[in-house]
Amino acid sequence: MKSYLKYLGKRVFYMFITLFLIASITFFLSQLLPGTPYSNEDKLSQEQIEIMNEQYGLDKPVPVQYAIYMGGLVKGDLGTSFQFDNTPVSKLLSTRIGPSLQLGFQAVVLGTFIGIILGVIAAMKQNTWVDTMATFFAILGRSIPNFVFAVLLQLIFAAKLGWLPIALWDGGFKSSILPTLALAIGPLADSARFVRTEMVDVLSSDYIELARAKGLSRWVVAFKHGIRNALIPLLTILGPMAVALMTGSMVVENIYAIPGIGEQFVKSITTNDYPTIMGVTILYSAMLVLIILVVDILYSVVDPRIRISAKGGD
Amino acid sequence: MSTHDNQLSSNEHTKFSPDMFEQVTASSTEDNEKISAPSLSFLQDSWRRLKKNKAAVISLGILAVIIVLAFSAPLIAPHNPYTQTSGHISLPPKIPGININGLNGTTKAGGTEVFDKYAQMGVDEDTYYLLGTDSLGRDLLSRILYGTRVSLIIAFAAALFDLTIGVTYGLISGWLGGRIDNIMQRILEILSGVPNLVVVILTLLVLKPGITSIIIALAITGWIPMARIVRAQTLKLRNQEYILAAQTLGESSIKIAVKHLISNLSGVIIIQTMFSIPSAIFFEAFLSFIGIGIPAPFASLGTLINDGYKTFQFIPHLMWYPAGVLCVLMISFNLLADGLRDAFDPKMKD
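Keeping their order, the protein sequence lines are chains X and D.
314 is the number that this note's numbering gives the last residue of the first sequence; the numbers go up by one with no jumps.
350 is the number that this note's numbering gives the last residue of the second sequence; the numbers go up by one with no jumps.
If you're looking for bench data, these hints aren't it; they were derived computationally from the structure.
These numbers were taken from a predicted model, which means no experiment stands behind them.
By construction, the Cβ of each residue, glycine as well, lies at the ideal position given by its N, Cα and C atoms.
Do not rely on the hints blindly, as some may be mistaken.
As the list claims (entries may be wrong) - Simulated pairs of lysine to any residue, SDA-like, Cα-Cα distance not exceeding 25 Å:
1. X:K160 x D:F314
2. D:K52 x X:L140
3. X:K10 x X:S300
4. D:K52 x X:W129
As the list claims (entries may be wrong) - Beyond 12 Å from chain D on every Cβ pair, some chain X residues (computed):
5. E50
6. D77
7. V266
8. M278
9. V302
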């Protein structure tokens, strides 16, 4: 237990180092970015620019700016947006994180749920046409870019059939169906493939043989005994899944006009709003690093064998 | 043999003469043990197993066709992909010899009324746009051909960078071990904590937009998985007897790495590279779709999809054709990569 706490402390320490480095790199990269924050610079007089620079703290030398930025970061202050009425970035993002989190959560739950079912069925019917179909769907889901899929859904269910709104976000369930589906396709394909492989492995192990020998039916064995062990490694793909969702949210939120972080990020990129770009970068990185840490902790809680083997090597 | 048996049964007191026996020579046992099939090299063996995987073989064929078409774009493209013809805006597909509505230059107006848009716009009788034109009067087919070429170039170049950087980093880290390995692994750990998309976007913002910048941006993050895999495999291989033998014989470390390690790692390296190609294609399309990819007037599959998306309610084919090519490319690369993984995986060896 003591060594475990030590391991945990080390992980948290590395997490902070990572975040610190990411924040520093983003800060210095943003210094390299071309262009100025003022969209109408040629109309401004030199004095006006100086006043504005002073207001935003851009007149100070870079190291001082860096210190101010990092100091603010500790307090959760991400600076002030150059666009969008000078709103503080943290405020701008906090109003937008809700829809993004809701969609991401719905997509992960829906995607992994269907993926697990598909994966288990494929493993149970290994090397039959059912398996081939499930694998084919998984490949389709992995190959078709989510923005193409999102547009396809929009065309069929909103424009042609008129069942669901095309791009109207009211926070309700109905308006979240299509974007959730578009985002869920990635997690679905990934988890289906993963669960199939794990399940095939698990189903050939001794304790499954024993359960079968006791007279339990194949499906009871699979769902009662097999699935528990097959699902544990699924935790490891939660990190990559989160990254894929962040990527996906940028296009999906744009296509469905959802006021989320992804849509804000793309808007900030096109309007040279550097403080917001940096803010989203740091937010995304922090979320990812945190997810990976939580997954690792969960993993060692669910499967104690990991802790023992973690001691031996890296 | 049967004559011998008869003789024995009819006359029990036959004397045995030497000519009744066949001498079993050493060479005949050798024949029994001889491996008659030609011995297969690693690649031949893998190719034999890959051929059994129908999906992978079909994908390989499709990819070969697409790659050849895309790279011969300057020769076979029917029109210049960048020329904007103001009189030929948003024309529907027109294919010579085919008279099906929608493919012969006709289009629907107001729901049901079908009319010949080429005639209406006053386009020459013998001008054909096989997939129609976009909103600036550029031939879609030519743009798709050129666009696919750009997407493929980016993907191949990014994969090549992943390969060189990732393999070098992984080999050094795994082969040297100890302190250096420890430091290199910590660096990797920190780097992989950053979502690669964010790095790619930041790099693209700093660099001037263009093909080279996208390749650099993709290469900056893309090599990490390769480095991880190569390091893990190197750690496994470095204690093998043949490495020890090579060391004992006085082979230099670099030579061992190049000659023994890389050749034994080739399977995982090829598989990983094959998986990084579709992911690079996806990223390029994604970046172009959100508007920070290839600058106009150049086309990639992503920019074509983005252009098509703007008008897809009215002229859906402008989006579906490039999107279709992108999906076919992605599916084929993924199926081929899966097939290769199965072919190279020694556990599957039968």
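Status of each hint after checking the structure:
1. X:K160 x D:F314: 12 Å, holds
2. D:K52 x X:L140: Holds, because 21 Å separates the two Cα atoms, which is no more than 25 Å.
3. X:K10 x X:S300: 15 Å, holds
4. D:K52 x X:W129: 17 Å, holds
5. E50: E50 (chain X) clear of chain D: closest Cβ-Cβ about 26 Å, beyond 12 Å.
6. D77: 20 Å, holds
7. V266: 5 Å, violated
8. M278: Check fails; 9 Å does not lie beyond 12 Å.
9. V302: Check passes; 22 Å lies beyond 12 Å.
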